[in-house]
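K.L.:
Numbering (our numbering), first residue to last: 1 to 418.
Among the hints, a few may not be true.
Unchecked claim - Subject to a maximum C-alpha distance of 25 Å in a straight line, what follows is the list of computed SDA-like cross-link-like pairs (lysine to any residue):
no., residue 1, residue 2
1, Lys209, Ser130
2, Lys372, Thr124
3, Lys310, Pro333
4, Lys132, Gly14
5, Lys310, Cys359
6, Lys372, Leu360
7, Lys371, Ser240
8, Lys59, Ile82
9, Lys110, Leu92
10, Lys310, Trp97
11, Lys132, Gln10
12, Lys155, Ile39
13, Lys310, Tyr330
Worth flagging that the hints you see were computed from the coordinates, not collected in a lab.
In this text the structure is predicted, and so the values were computed from the model without any measurement.
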Amino acid sequence: MSLTFQGLKQEFTGLHWTETMEIVNLTLMLSTIPIHTSISLFFTYCWFLSVVLKNSILKRWSFFTWHQDKSYPSNKTARMLIPMMVYWLAYLVSMLWTENRVEGWTEIEKIACFFAIPVTCLCTDFRQISQKCLRAMLWTFVLTLTLLFYYLLVKSIIVTLQSPSNFLTSSLTVYNTFIHHTYGSLYIVAGLAFLYTELIREEKIERGKLVLWMLCACSLVALLLFFNSRAGMLCFILLSLMCGLHTCFIRKKPRQGILSLIVVLALLAVAYNALPEEFHRLSQTSSEIAQGNISDIRFQIMANAWTVIKECPLTGVGAGDRMDVLVPFYDSPENAFCPHNQFLDTWLATGVFGMLILCLMLLSPMLTACKKKQVLPVLINTMLMVGLMVESMFERQMGLAFTAVIYVYYTILCSSKL
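Model the full structure from these sequences, guided by the hints.
P.N.:
Here you go:
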């Protein structure tokens, strides 16, 4: 199905203004996360308002796939949002045994979007969002990341000219100052996963679309390199491997899949061997793993969290005490680290039940996508799980916003065929 401006214009023709408002806000919710989380949250509130207006004016109210409009078919895929709501409730229940209630309520308020967004999705439908419209939303996200790369590139050049230094060193500083490298890398691999689905959509791509695809893909890979994130590169290698396997065994094109994978890995090897100083974190980690010497501080931080978890594995310590119990492992409360692993972080706060709910929340869209033979949710959620294993992503609003908003898109994705 081709994606053109004229085709999109036809898609919006006949839509009620509240439906158009909802589509615009959904697009801006996702596209503005890499720029500034507060802006994305503003458009999230605008989306809440647009849903209320649409449902009130057009009588589109629904709940748990029960629709007021009986002519609309029930969409059972919306139920995969329930684990996200239960995850928030697990933190709320943990307040029964937490001691630091002030900090506990702060944690619950911080992840409130995990309850508000699923409830909003379950109280509406997405009938006005076609496959073409959904693809346009995701293309907007990819183009935003591409423009972000060129903005940071120009900024790096200006910094280098103002204070003469190594350009790549200046770029690494500029890029990581703008956005946290792990989160930024997650956004990039999500964009690359979508570009892969666009590449395999049509057997023969028009020259103009192919040029745009290559421009976006090369820009995102370059942006990923400048972030210098170990987790980001691990996600990218894993993504390349999964796409190669999908091409070989699902699309039945082994030669194309193997060749593409070899080219990607060869380019990465050349980049890291040619620029060892700029990418020293990655090369040092690779060297330590090769020598069997794992001394990264993250492993010690995770080990500290696991020591506490073993003392109360069933209930955890409560949402408010998750950081307080880690202070004895460090010099002072100011120097205490969160577990840097969302699975351990959740287990520490809510016990084994909360951790299992988190796993269910991540696996639910993947299982639904596999049944519908959709590759995009599987790719993105795999990358998300890798990010959660090396970072307490729900500690920051940018991680919370991305996870919550992407679940809205999962619901729409599983309602269509992308």
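K.L.:
Please go over all the hints and tell whether each is borne out by the structure.
P.N.:
Hints and how they fare:
1. Lys209 / Ser130: Given that 25 Å is the threshold and the Cα spacing comes to 20 Å, the pair holds.
2. Lys372 / Thr124: Holds: lysine 372 and threonine 124 sit about 22 Å apart, inside 25 Å.
3. Lys310 / Pro333: The given pair, whose Cα atoms are some 22 Å apart, holds under the 25 Å limit.
4. Lys132 / Gly14: The hint holds at about 15 Å.
5. Lys310 / Cys359: holds (19 Å)
6. Lys372 / Leu360: Holds, at roughly 18 Å.
7. Lys371 / Ser240: holds (22 Å)
8. Lys59 / Ile82: The given pair, whose Cα atoms are some 23 Å apart, holds under the 25 Å limit.
9. Lys110 / Leu92: Answer holds: lysine 110 to leucine 92 is near 12 Å, not above 25 Å.
10. Lys310 / Trp97: Satisfied, since the Cα-Cα distance of roughly 17 Å is no more than 25 Å.
11. Lys132 / Gln10: holds (11 Å)
12. Lys155 / Ile39: holds (21 Å)
13. Lys310 / Tyr330: At roughly 19 Å apart (the allowed maximum being 25 Å), tyrosine 330 and lysine 310 satisfy the hint.
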